[in-house]
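Undergrad: When you read off a place in the sequence shown, starting at 1, and then add 141, the result is the number in this note's numbering.
Each hint should be verified, as a subset may be incorrect.
To be verified - Between beta-carbon pairs, the in silico distance windows are:
{"#": "1", "residue 1": "Leu269", "residue 2": "Lys205", "range": "14 to 20 Å"}
{"#": "2", "residue 1": "Ser188", "residue 2": "Ser254", "range": "18 to 24 Å"}
{"#": "3", "residue 1": "Lys272", "residue 2": "Glu215", "range": "21 to 27 Å"}
{"#": "4", "residue 1": "Cys270", "residue 2": "Lys175", "range": "27 to 33 Å"}
{"#": "5", "residue 1": "Ser181", "residue 2": "Cys266", "range": "31 to 37 Å"}
Hint data in this document are derived by calculation from the structure and do not stem from the laboratory.
Beta carbons are placed, not taken as given, at the ideal position from N, Cα and C, and that holds for glycine.
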Amino acid sequence: MKNFTLPFLLLFLLLTTGFLHAGSPSGSVSAAQKDVIVKSLLNGIASGNMGLMVSSAQFLAEYKSVRSVIPLMEMLHEAENEESRIAAALALIKIGDSRGVFAVRQAAHFDDSEHVRNMCMKFYCAYLCGKTDQ
Numbered sequence: 142m143k144n145f146t147l148p149f150l151l152l153f154l155l156l157t158t159g160f161l162h163a164g165s166p167s168g169s170v171s172a173a174q175k176d177v178i179v180k181s182l183l184n185g186i187a188s189g190n191m192g193l194m195v196s197s198a199q200f201l202a203e204y205k206s207v208r209s210v211i212p213l214m215e216m217l218h219e220a221e222n223e224e225s226r227i228a229a230a231l232a233l234i235k236i237g238d239s240r241g242v243f244a245v246r247q248a249a250h251f252d253d254s255e256h257v258r259n260m261c262m263k264f265y266c267a268y269l270c271g272k273t274d275q
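Model the full structure from these sequences, guided by the hints.
TA: Structural data, given as structure tokens:
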């Protein structure tokens with residue numbers, strides 16, 4: 142039990158502190174700078190380094206980069222660890238593209254990990270609740 146709680150606690154703290162201290166980054170950079178940043182973050186997702194992948198997914202969600210939907214979907218389906226798949230699911234929901242939302246909904250039903258399925262279901266339900274409020 143102790144082996145599972147530490148990684149999830151670290152992931153939660155990473156995501157929480159990042160979201161609390163992050164402003165809207167897209168308003169402070171030019172389109173050319175944003176393009177370079179998104180390319181770098183996409184390279185981070187493809188790196189295979191779990192920490193870099195999770196961090197890159199988080200920032201791509203903040204930039205709401207539609208170009209990152211397909212790589213994030215690949216990360217959701219192919220990442221070996223649960224933390225990376227959960228971070229990809231959260232990023233896809235935050236971006237809000239219909240392809241990514243559908244992938245998260247499918248992962249909520251068919252992912253091999255019960256924890257990933259539960260988190261995807263929570264993200265998808267939160268997305269639906271947010272859509273009805275608007």
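Undergrad: Hint by hint, note whether the structure agrees.
TA: Against the structure, the hints:
no., hint, in the structure
1, Leu269 to Lys205: 14 to 20 Å, "holds (19 Å)"
2, Ser188 to Ser254: 18 to 24 Å, "holds (22 Å)"
3, Lys272 to Glu215: 21 to 27 Å, "holds (25 Å)"
4, Cys270 to Lys175: 27 to 33 Å, "holds (29 Å)"
5, Ser181 to Cys266: 31 to 37 Å, "holds (32 Å)"
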